[in-house]
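Add chain B to chain A, keeping to what the hints say.
2 protein chains.
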Amino acid sequence: MSQLKKSWVQSANTANHPFPLNNLPYGVFSVAEEEPRCGVAIGDMILDLAAAEEVGLIDLADAPVFDLPFWNDFMDLGSEAWDALRERLTGLLVEGATEQAAVEPHLVPMSSVQMHMPIVVSEYTDFYAGRHHAFNVGTMFRGPENALPPNWLHIPIGYNGRASSVILSGSDVRRPWGQLKGPNDTLPRFAPCARFDIELEMGAIVGTSSDGPITVQEADDNIFGYVLLNDWSARDIQAWEYQPLGPFQAKATATSISPWIVTKAALEPFRCHTPAREFELLDHLKDCGPMLYDIDLEVTLAPEGKDASTIARTNYNEMYYSAAQQLAHHTTSGCAMNVGDLLGSGTISGPQKENRGSLLELSWGAKDPFILDTGETRSFIEDGDTLTLKGAARGDGYTIGFGDCVGTVLPALDNPFKH
Amino acid sequence: MSQLKKSWVQSANTANHPFPLNNLPYGVFSVAEEEPRCGVAIGDMILDLAAAEEVGLIDLADAPVFDLPFWNDFMDLGSEAWDALRERLTGLLVEGATEQAAVEPHLVPMSSVQMHMPIVVSEYTDFYAGRHHAFNVGTMFRGPENALPPNWLHIPIGYNGRASSVILSGSDVRRPWGQLKGPNDTLPRFAPCARFDIELEMGAIVGTSSDGPITVQEADDNIFGYVLLNDWSARDIQAWEYQPLGPFQAKATATSISPWIVTKAALEPFRCHTPAREFELLDHLKDCGPMLYDIDLEVTLAPEGKDASTIARTNYNEMYYSAAQQLAHHTTSGCAMNVGDLLGSGTISGPQKENRGSLLELSWGAKDPFILDTGETRSFIEDGDTLTLKGAARGDGYTIGFGDCVGTVLPALDNPFKH
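Taken in sequence, the protein lines are chains A and B. No gaps in the numbering here: position 266 of the first sequence is 266 in full-length UniProt numbering, and each next residue is one more. No gaps in the numbering here: position 35 of the second sequence is 35 in full-length UniProt numbering, and each next residue is one more.
Chain A on its own, in the form it takes in the complex:
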């Protein structure tokens, strides 16, 4: 495993800092009244890439690609440009870089900026590819015998989500209304969701378009990077609506993503293998190497005005299918994939109770509420709760951090039609 690369930006060398030179995650930021543009995090600073491009420190494309409020145009340049940018940024920011003096004026303190969505989300797909989660939820919905659907061990099950619902970490989330029917109700009613939940996921960002079936290796090559992703879920709406065509409004209120895209290149040292297969996968879905990443994940919950409690700890290596396998499956029918497509991994739970990536699992459908450090209990999210996802790949003396993915749940409106 590689070691800490030192930068002349001293904060980046601090022990366990999320953004050392090894990371170089990409985001979109703005300062004061200026327009949002692309930047890269290094320690406590952001290098303004639009400015660096303007003065010629970075020169990768014929037209400016960083003076834009999204990374889509840069991604579209292709993987050679991705490699070239990372190499150039490493050269500019490494300890002893000859261009330090030229770069310094374009560093902005992270504390002074506002972050924005890093990409224009073309389309959003959410998978269901964590085995512990699928088993837990399946057990609650259909009993342990029918928990895993027959197809589950053969294909990464997924559904199309709604790109318009993807929002940036830090945006508040309004508790939705929806049509609900409890198991003992005669008729449904329209009411605020009473079982609002999170799903701890990783999001993979497609950086290269494809126009027909692609192999798992090609799919892996086409992924630009990863973010943390919270797929907010209305469990009571879902239970009533999901048969036979899957989740719809239950998943359309919001999906939050963390602001920094951690590149595939930064995660390379943390690759690890998928678990043993119960059934051999068909050729077009077979692993083509270590396909997952060893990334520690956790979820905290802070009641309004109170301290946060860690409610779950798990790891991305608990997935059964990798993002590349999901993307390859996504293309089997000829489905075109575009730059900016976002793929949610599915909820990442581990084998133990404390590894569960949703409140549905943590409270076992409200049958077994869990206790916060503050002494309060929770089954599902209460108004004012702040939920935070955290992620970190831990190397030899350094960390590849993901910016937190945070959201506070606001009470439902009195009348949803007057908003």
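Take the hints with a grain of salt, since some may be wrong.
Because identical chains cannot be distinguished in the list, a pair is counted as satisfied if it fits within a single copy or across any two copies.
To be verified - No more than 27 Å apart at the CA atoms, straight line, and that leaves these computed lysine-lysine pairs for DSSO-like:
id	residue 1	residue 2
1	K181	K286
2	K418	K286
3	K6	K181
Keep in mind the hints are simulated off the structure, nothing from the lab.
Same frame as chain A, but now just chain B:
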């Protein structure tokens, strides 16, 4: 019911012509090597709106909105502009119009153009809101007792489709590969789809954005117009993949739409009521007037090199939920809807065997193949078959036609990874 409005474009006054002055459907076309731009069909001609705007015959926006290969920018001007354009076009093209001589140079024969996608599809949602279809398919998949899911009579069931799969009528459709497992197979396999099918639908185009729950009336106001829509479906892929999260790759090969957007205004004389409700709908989904349209629909199938047979005849008034009710339901959770969103109605079948809008229903899952006029039989689509959807609202001496929605199915590739 209103009568034929006569135009000085004589072909528009021909009996049963699909594009009389009453219609004025919007599309995107190109001539020879020129760039695609917006146009309106009148008889056998297209009025070049980019040219008409350039010379000042039409002046609705500060910036040009018609010299673009999509109608999204015009839709985004809002419903007052929609009304103003229709009024202006009617004035320019009506018999006796004083500006006939100024308009004539900007008419292009329809026979000389290439049509293009009329909109950039923002996101695509497909519903399942035709009762006869839902009952037929449910009966085949789950038996007649469980045919209609419990939620079906209370909410318009839908799933998010894939915008990248939406293509223009006339584009060929390649038979997809996918993971399949027959009921008697031990394990799944990766193979070409053997049960490739159509779904006869109408597509509603959202012309006004919304950012939270909207009423059925607001939803109706936000719809710009309608197209014919064929949701190509791989039934064998669907049967294996759809539990528990709904259709995914089975619906991602292609969805074809007809080239001309028939506006809501043109369809106004054909409004009709939804059927009697078995359960009263909840307030947020209640009809706010006659919500459907009386539009005759049919499907033809032509084997390669042979004549077409009409295989189904039905009517849009067979829907249980209108597009406005679908759109209102789509927003209940707070889901933002955008200009260019496309909503498929769901397959439109009628009560009789000859009214069925899919081959799955027409052949009852291949148990009862149907016979073409050529004497051949069909259960599902065979390579080389051309499927055509047709639609027309029939008024007092005039017709509001939809351009046909056509697609020919090409054989599956030998190796889907070499395309």
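Going down the list of hints, with the structure as the test:
{"no.": "1", "hint": "K181 <-> K286", "in the structure": "between (41 Å within a copy, 18 Å between copies)"}
{"no.": "2", "hint": "K418 <-> K286", "in the structure": "between (50 Å within a copy, 18 Å between copies)"}
{"no.": "3", "hint": "K6 <-> K181", "in the structure": "neither (57 Å within a copy, 54 Å between copies)"}
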